[in-house]
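Residues per chain are reported as follows:
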Amino acid sequence: MRNSRYLLYLILFLILLTLPLYTGVYFLNVMDIILIYMALALSWDMLLRSGQISFGMAGLFGVGGYAAALLHLHTGMNPIVSIALGGGVAGALAWIIGSAVLQLRGMYFAIVTLALAEIFRVIVRNLPDLTGGPEGTVLPSAIFAGDSTRTYFLVLSVAVASVLASEIFQRTRIHFALTSIRNDEIVAKSSGIDVFKYLVFIFVVTSAIQGVVGGAYAHIYGFVSPEGSFSVDFTLLPIAMALLGGMHSTWGPVVGAVVLGVVSEFLKLQIPYGHLMVYGLIIVVAILFFPQGIVGTLGQKMKKTGSQ
Amino acid sequence: MAILRTEKLARHFGGLVALSGVSMEFRENEILGIIGPNGAGKTTFINVIAGIYLPTEGKIFFEGRDVSEMPAHRKCRLGIGRTFQLVRPLPGLSLVENVMVGSLFGKGLAKKEARRKAEELCGFLGLADLSRDISRMTALEIKKMEIARALAAQPKLLFLDEVMAGLNSDETQEMINTVRKIHKQGIAIGIVEHIMRVIRELTDRCVVLDWGEVIAEGPYEKVSADPMVIKAYLGEEA
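Order-wise, the sequence lines are chains A and B.
For the first sequence, the working numbering assigns the number 6 to the initial residue and increments by one for each residue that follows.
For the second sequence, the working numbering assigns the number 16 to the initial residue and increments by one for each residue that follows.
Bear in mind the hints are in silico, worked out from the structure with no lab data behind them.
All C-beta atoms in this analysis are idealised placements derived from N, C-alpha and C, irrespective of residue type, glycine included.
Check the hints yourself; a few may be wrong.
Partial list, computed: chain B residues near chain A (C-beta under 10 Å) [what the hints assert, rightly or not]:
#1 ALA65
#2 LYS90
#3 GLY96
#4 LEU105
#5 GLY107
#6 LEU108
#7 VAL116
#8 GLY117
#9 GLY121
#10 GLU161
#11 ALA165
#12 ALA168
#13 SER239
#14 ALA240
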């Protein structure tokens with residue numbers, strides 16, 4: 006059972022690895038978008054496992070994007086290194102902010118993260134010498150000169166790294182700490198868990214992932230702007246994906262990202278600009294009718310038939 | 016020797032004085048009963064000792080060290096364990112995983128050893144079918160699981176907050192035996208209980224709280240005959 010599962014992962018990974026050999030540029034571009042959102046959805050879910058809801062994803066995504074783009078532009082740094090540093094900047098920022106606001110919980114924390122995203126956007130708009138102001142900054146060229154295969158591999162490695170990070174979180178003591186904190190902080194504290202330390206840690210890690218994804222995105226499109234890099238899409242769409250796929254797991258956000266990614270690509274062609282409405286509808290339907298998401302609901306069904 | 020000592024411990028919630036001037040000690044290898052009518056401050060006392068609330072005034076010394084301001088997770092690691100009046104199992108974790116939380120973080124074991132330790136403790140407490148979901152456990156089993164979780168952190172002093180409440184008489188007897196078994200391992204126990212039979216059978220000494228203050232102290236036979244205690248429980252004759 007276990008071996009066949011790993012075999013499945015291996016086959017899946019090989020398919021992903023060889024995808025550029027038998028698909029075209031358009032397909033790879035769609036894959037890029039799906040994988041980018043997948044990493045964001047995973048990072049959102051990883052924080053959610055501690056019970057904290059973040060609406061600040063677009064903020065850290067944008068910060069990572071700006072950091073990567075500006076570092077590359079002003080210092081001539083290798084784009085890949087600048088993407089990693091974009092994650093570092095987002096992580097460091099999360100550490101400072103988290104240390105200050107992670108005494109807050111639940112909705113209060115969520116509102117602060119929402120405000121932060123807005124604050125970053127306003128700051129970036131108003132520092133034209135550094136950031137290019139409201140118009141944003143255009144990079145001299147997209148990463149790998151726009152080569153779609155190499156771009157795809159960059160995004161694939163970010164997504165795979167996020168999947169691995171998520172699995173590490175699920176399989177180590179971190180899983181026990183986050184589950185305890187989410188369910189009952191008093192039990193967590195009384196059992197020796199340093200709740201604050203774990204919350205800051207998970208906020209920093211997930212923010213760093215969002216920063217890396219933002220950095221990659223900025224280099225792929227060769228462009229950062231206050232409206233584009235901090236777009237609410239980077240907050241809402243990953244949340245919709247995680248909810249649709251199923252919370253508190255690795256495979257939930259992954260499946261959600263694939264399903265919604267494909268659907269949104271289709272919707273963009275059918276009803277331009279109307280797709281956001283459909284996301285909202287999907288979130289509502291998912292929460293109302295299958296709060297466990299696709300993966301959670303299927304898992305339950307399989308457990309039931311298995312025990313019969 | 017005293018393992019834990021409080022000095023004029025007080026805790027206020029706004030204008031409400033939940034504890035005031037509580038000075039007492041827990042001796043090594045003793046079972047101490049903490050009794051008193053509802054709202055006397057027994058659970059608040061445990062919460063202050065365990066670090067869930069900080070004391071408003073007063074000091075707490077554990078093994079001679081001032082731990083008054085220490086946060087709960089560090090007190091747990093130091094050796095102060097507790098269960099909860101209303102059971103608090105962690106959904107999303109199985110029976111053995113619930114217990115592992117204590118050995119992972121309270122004792123700081125690696126995952127493999129933490130699981131082994133948790134399995135051992137479940138066996139010690141007579142819990143079987145360890146990968147069970149907690150929704151399939153009885154009240155007695157959940158209470159035992161909470162004790163196992165607290166023991167997994169290897170406490171030197173363990174507070175049991177009404178572990179017998181809601182159990183039938185056979186289960187109560189079983190729990191009394193369990194507490195004796197734990198005590199035999201050299202763990203000092205502070206037990207809050209409303210069932211006087213349990214206090215009489217288990218404790219070496221009792222402290223009676225009323226309105227947040229200590230009104231009597233001594234062996235059960237002595238405090239149960241104390242007029243102040245009888246008044247606190249039954250009220251004054253009109």
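Comparing the hints with the structure gives:
1. Checking ALA65 (chain B) against chain A by beta carbon gives a least distance of about 6 Å; that is within 10 Å, so the hint holds.
2. Using the Cβ-Cβ criterion of 10 Å, the hint placing LYS90 (chain B) at the interface with chain A is satisfied: the shortest such distance is roughly 8 Å.
3. Hint on GLY96 (chain B) holds. Least Cβ distance to chain A is approximately 8 Å, under the 10 Å limit.
4. A hinted interface residue such as LEU105 (chain B) counts as satisfied when its beta carbon comes closer than 10 Å to some beta carbon of chain A; here the least separation is about 5 Å, so the hint holds.
5. A least Cβ separation of about 5 Å between GLY107 (chain B) and chain A falls short of the 10 Å threshold, and the interface hint therefore holds.
6. Interface restraint check for LEU108 (chain B): the shortest CB-CB distance to chain A comes to about 6 Å, inside 10 Å, so the restraint holds.
7. The criterion of a C-beta within 10 Å of any C-beta in chain A is met by VAL116 (chain B), whose closest approach is roughly 5 Å, and the hint holds.
8. The beta carbon of GLY117 (chain B) is positioned within 10 Å of a beta carbon in chain A (closest approach about 5 Å), and the interface hint is therefore held.
9. At its closest, the beta carbon of GLY121 (chain B) sits 3 Å from a beta carbon of chain A; the interface hint therefore holds under the 10 Å criterion.
10. Against a cut-off of 10 Å between C-beta atoms, the interface hint on GLU161 (chain B) holds, since the closest Cβ of chain A lies about 9 Å away.
11. For ALA165 (chain B), the interface hint holds, since its Cβ comes within 10 Å of a Cβ in chain A; the closest pair sits about 8 Å apart.
12. Annotation: ALA168 (chain B) was flagged as interfacial toward chain A, and the flag holds, the nearest CB pair being 6 Å apart, inside 10 Å.
13. Look at SER239 (chain B): its Cβ only gets to about 31 Å from chain A, farther than 10 Å, so that hint breaks.
14. Restraint check, ALA240 (chain B) versus chain A: the minimum CB separation of about 36 Å is more than 10 Å; hint violated.
Of the numbered hints stated above, those contradicted by the structure are hints 13, 14, listed in ascending order.
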